[in-house]
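**Q** Sequence:
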Amino acid sequence: MAKNRINKINEEVRRELADIIRELKDTRIPMMTSVVAVNVTNDLSYAKCYVSIMGSEEEQKKAIEGLKSAAGFIRREMGRKLDLRHTPEFVFELDHSIEHGAHINQLISDIKKGKNNE
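Numbering (my numbering) for the sequence shown: 46 to 163.
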């Protein structure tokens with residue numbers, strides 16, 4: 046399958062997945078859940094979804110469990126929204142990139158404050 050087509054599918058699945066996650070009524074999944082990236086295999090059988098969840102480590106684990114338990118529902122809804130030959134199975138992975146970026150931003154702010162005090 047053409048790489049350009051897979052990239053378009055990845056982006057479309059990411060966008061729709063974010064909408065579906067917002068609609069879930071599972072209390073384990075907080076509102077601050079972001080879909081960072083999605084990688085769909087060439088044969089459209091699996092979609093590895095990287096999600097960022099703001100909260101404690103325990104809240105993050107519960108949210109991933111909630112997403113895994115809702116995977117069947119998510120797959121069905123994705124099949125209804127997208128016109129694909131096969132609807133992929135979803136595998137959820139926790140992504141810490143947003144937290145890491147916020148930490149780096151805080152460090153930069155602290156350094157700037159330190160220079161202003163001198």
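Among the clues, some could well be false.
[Said to hold, decoys possible] Think about it this way: if two alpha-carbon atoms lie no more than 25 Å apart in a straight line, the pair counts; the simulated SDA-like pairs of lysine to any residue are:
hint, residue 1, residue 2
1, K113, Q151
2, K113, H145
3, K106, L129
4, K93, D71
5, K106, I143
6, K70, R60
Please keep in mind that the hints were generated in silico from the structure rather than gathered at the bench. Note that the structure is predicted; figures quoted are calculated from it, not measured.
**Q** Of the numbered hints stated earlier in the document, which are not met by this structure?
**A** 1 and 3
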